[in-house]
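Construct the entire structure; sequences and hints are all you get.
Chains A and B are the protein sequences, given in the same order. Heads up: the first sequence begins at 1 in our numbering, then just goes up one per residue. Heads up: the second sequence begins at 1 in our numbering, then just goes up one per residue.
It is worth saying that the hints were derived from the structure and are not from the lab. All values reported here derive from a predicted model rather than from experimental measurement. Treat the hints with caution; some may be incorrect.
To be clear about the criterion: a stretch of chain A counts as covered by chain B if any three or more of its residues have a C-beta under 8 Å from a C-beta of chain B, and this derived list gives those stretches [what the hints assert, rightly or not]:
1) 42 to 56
2) 185 to 194
Not everything, but these chain B residues come out facing chain A in the computed CB check (under 8 Å) [stated by the list, open to error]:
3) Pro3
4) Phe5
5) Lys8
6) Arg23
7) Asn27
8) Phe68
With a Cα cut of at most 25 Å, we get these calculated DSS-like pairs of lysine-lysine [as the list claims (entries may be wrong)]:
9) B:Lys253 x A:Lys35
10) A:Lys237 x B:Lys64
11) A:Lys48 x B:Lys253
12) B:Lys223 x A:Lys48
13) B:Lys64 x A:Lys17
The beta-carbon is built from N, C-alpha and C at its ideal position, and this holds for glycine as well.
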Amino acid sequence: MIVLGSTSEVAQAFVEKALQEGEKFEKIYLFTSNKETTERFARHIDVKFLQQAEVIELDLTKEIDYNRFENINSNVLFCAVGYLGEGTDEGLYDNRNTERIIAINYSKLVPVMNYFAHKFESRRSGTIIGLSSVAGDRGRQSNFIYGSAKAAFTAYLSGLRNYLFDKKVHVLTIKPGFMATKMTEGLPLNPKLTATPKQAAACIYKAFKKERNVAYVLPVWSIIMMIIRNIPEFIFKKLKL
Amino acid sequence: MKPNFTQKVTNWGNFPVVEKEMRSEDNFKKIKEFVLNHNEVIARGNGRCYGDASLGESIFSTKKLNKFINFDRLNGIMECESGVLLSEVLEIAVPQGYFLYVTPGTKFVSIGGAIASDVHGKNHHAEGCFSEYVIEFKLMTENGEIITCSREENADKFWATIGGMGLTGIILTAKFKLKNIESAYIRQESIKAENLDEIFKLFDESESWTYTVAWIDCLQKGKNIGRSILMRGEHAFQHELPQNFSKTPLRLKKKLSPTVPFYFPGFVLNALTVKIFNWLYYKKQSKKEVKNFIDYETFFYPLDAINDWNKIYGKSGFIQYQMVIPKETGKEGMRRILETIANSGNGSFLAVLKLFGKNNTAAYNSFPVEGYTLALDFKVNSKLKSLVDQLDAIVQEFGGRIYLTKDSMSRSSLTNYLKNIQNPKFVSLQHKRIINNNS
Ligand SMILES: Cc1cc2nc3c(=O)[nH]c(=O)nc-3n(C[C@H](O)[C@H](O)[C@H](O)COP(=O)(O)OP(=O)(O)OC[C@H]3O[C@@H](n4cnc5c(N)ncnc54)[C@H](O)[C@@H]3O)c2cc1C
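What follows is the structure in structure tokens.
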């Protein structure tokens with residue numbers, strides 16, 4: 001398994017879930033911008049599951065040397081890369097903030113995804129799982145830079161799924177709603193709408209096994225987002241969402 | 001939306017409930033920042049202490065310190081971060097033929113919590129406290145420094161932290177020994193006792209057993225006081241197991257745990273229902289003596305089988321009162337305690353009696369001393385404080401101690417411990433309560 005964004009608690013929970021379910025991987029490639037934390041995770045799964053893992057540094061804001069990835073092959077790619085940045089109130093007119101959000105969530109990420117998608121395509125097998133966001137379903141005033149990058153990522157995954165369909169590679173888009181992770185710690189989230197990383201991992205694993213195309217982590221989110229998508233624009237623009 | 005880390009926090013007894021800042025981090029640098037940026041910090045593991053021991057002005061939750069570091073499978077030495085739960089250790093250890101030397105009555109306790117409370121199990125008389133098997137741990141001190149503590153290195157901090165209730169710093173990682181087992185099953189004998197004299201006799205006769213514990217029906221009066229069931233057990237060897245267990249002796253089948261879905265309304269637990277519960281529990285075993293093999297989960301963690309059982313006590317919560325009375329006068333002390341409870345009509349669902357062996361004097365902050373220990377659950381109501389006061393008076397008269405990790409209402413001056421801990425940075429609500437009560 002190749003994991004992009006390995007410090008993500010959801011990614012780690014997914015890896016554990018898959019191993020608990022008895023999935024076997026020759027090696028798990030943990031791509032990360034934080035080597036120290038990820039090395040701890042690598043040791044953890046070695047102790048817990050005798051699973052070998054390799055930690056590979058990847059900083060999406062820097063130049064990427066693809067030669068380093070030449071020998072990396074797997075049947076599953078899990079991408080949990082995500083960067084919330086500052087919300088619109090504080091960060092809309094801060095160009096560095098905007099650029100970082102777009103780079104990490106979309107523009108610098110997609111070439112890396114494509115690099116591995118190409119390998120999957122040539123092998124004619126495998127699953128690519130991408131964590132997008134409900135924020136990408138409709139732009140809202142509170143975080144639309146992030147939302148727009150995720151919207152682009154969602155569109156990318158949808159197109160990739162279409163493109164790889166007859167090449168026997170499956171693409172799964174995950175749209176988590178609120179999750180109790182580092183990204184959201186301390187925010188007043190409604191517990192009924194908030195999934196723990198463990199819950200999220202279980203949902204994602206199920207969607208992976210069932211070869212779903214698009215899955216919301218908690219089912220209520222598909223209803224909430226259906227409503228939000230269908231509010232007429234002339235009303236929506238007046239809402240404080 | 002700016003983060004606001006203030007939230008409602010409460011421990012296993014749902015009493016007291018506080019609204020305080022609570023945060024969790026897995027990055028040591030960020031933990032250091034947290035410690036340096038707050039005046040009063042207290043670590044919290046899985047909140048399985050009953051009262052206010054892991055509550056404070058700024059709470060550092062070890063939930064995210066949940067990684068394993070190393071498992072020396074040859075020598076049974078485990079190293080992990082302090083937020084790892086005993087249940088997670090067992091998941092790895094048991095299939096490999098290892099078990100915890102010492103485990104409390106729930107496996108949902110963190111390693112940090114087990115060290116800070118120096119927990120005991122049903123085997124204190126034979127194998128002592130959790131700390132006996134701790135090789136070393138890493139502690140973050142008030143200036144954010146990380147030090148290694150063991151019997152050789154920083155030994156003063158090592159012993160102050162054991163049973164030190166989080167008041168010396170934040171335990172980050174720990175290394176400890178595991179014991180060998182041949183199976184995940186326990187050879188058990190349960191024996192009914194009609195009264196206190198009989199149960200004490202049974203304890204004496206069971207001294208050679210590794211695990212012993214008794215459940216007491218504490219609403220009995222007069223000559224029936226102390227009516228109870230003694231359970232004693234040993235890790236079963238593979239060759240003695242019945243056939244249906246012996247094929248995969250180290251693996252248990254998955255069970256589903258029922259969950260208590262909501263807080264029970266207050267009237268559900270009253271003197272009558274407790275009486276019925278205790279009667280049923282006692283009558284369930286019709287024979288005087290039963291010998292069988294049961295899996296370790298059922299033997300060590302019968303209460304874990306029902307998730308969130310603490311909600312049975314309703315929103316007002318409950319306390320656990322656990323004391324130890326030294327051996328010489330222990331029997332008499334227990335009788336007085338049980339009489340007082342029976343007369344109060346304030347019944348306890350759960351009354352557990354255990355025997356403590358000799359204590360490790362080096363671990364001076366640790367709770368156990370040689371004698372009898374009784375743990376009782378009481379629903380919080382208006383009459384409870386006066387019952388606790390009466391019980392405290394008896395404990396004092398008999399030179400006993402209160403177990404801090406369960407306490408939230410006692411005159412905690414009844415503890416002669418928390419020595420060598422005067423650290424203005426690491427402060428719990430419990431600690432403040434003790435200081436205020438004493439002045
Ligand atoms: C059903 C049940 C049965 C129990 N049976 C027993 C028993 O048989 N024997 C027994 O001894 N106990 C028993 N207990 C009590 C329990 O074992 C202790 O309270 C244990 O300390 C709880 O661990 P925790 O991880 O939940 O820690 P918490 O409850 O969160 O904290 C307990 C104490 O440890 C400190 N602490 C926690 N983590 C750290 C850390 N990383 N660094 C420094 N300090 C820390 C806290 O500050 C606090 O003082 C039982 C509890 C329950 C709910």
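Okay, the hints, checked on the actual structure:
no. : hint               : verdict
1   : 42 to 56           : holds (count 4)
2   : 185 to 194         : holds (count 4)
3   : Pro3               : holds (3 Å)
4   : Phe5               : holds (4 Å)
5   : Lys8               : violated (11 Å)
6   : Arg23              : holds (7 Å)
7   : Asn27              : holds (6 Å)
8   : Phe68              : holds (4 Å)
9   : B:Lys253 x A:Lys35 : violated (38 Å)
10  : A:Lys237 x B:Lys64 : violated (39 Å)
11  : A:Lys48 x B:Lys253 : holds (19 Å)
12  : B:Lys223 x A:Lys48 : violated (53 Å)
13  : B:Lys64 x A:Lys17  : holds (17 Å)
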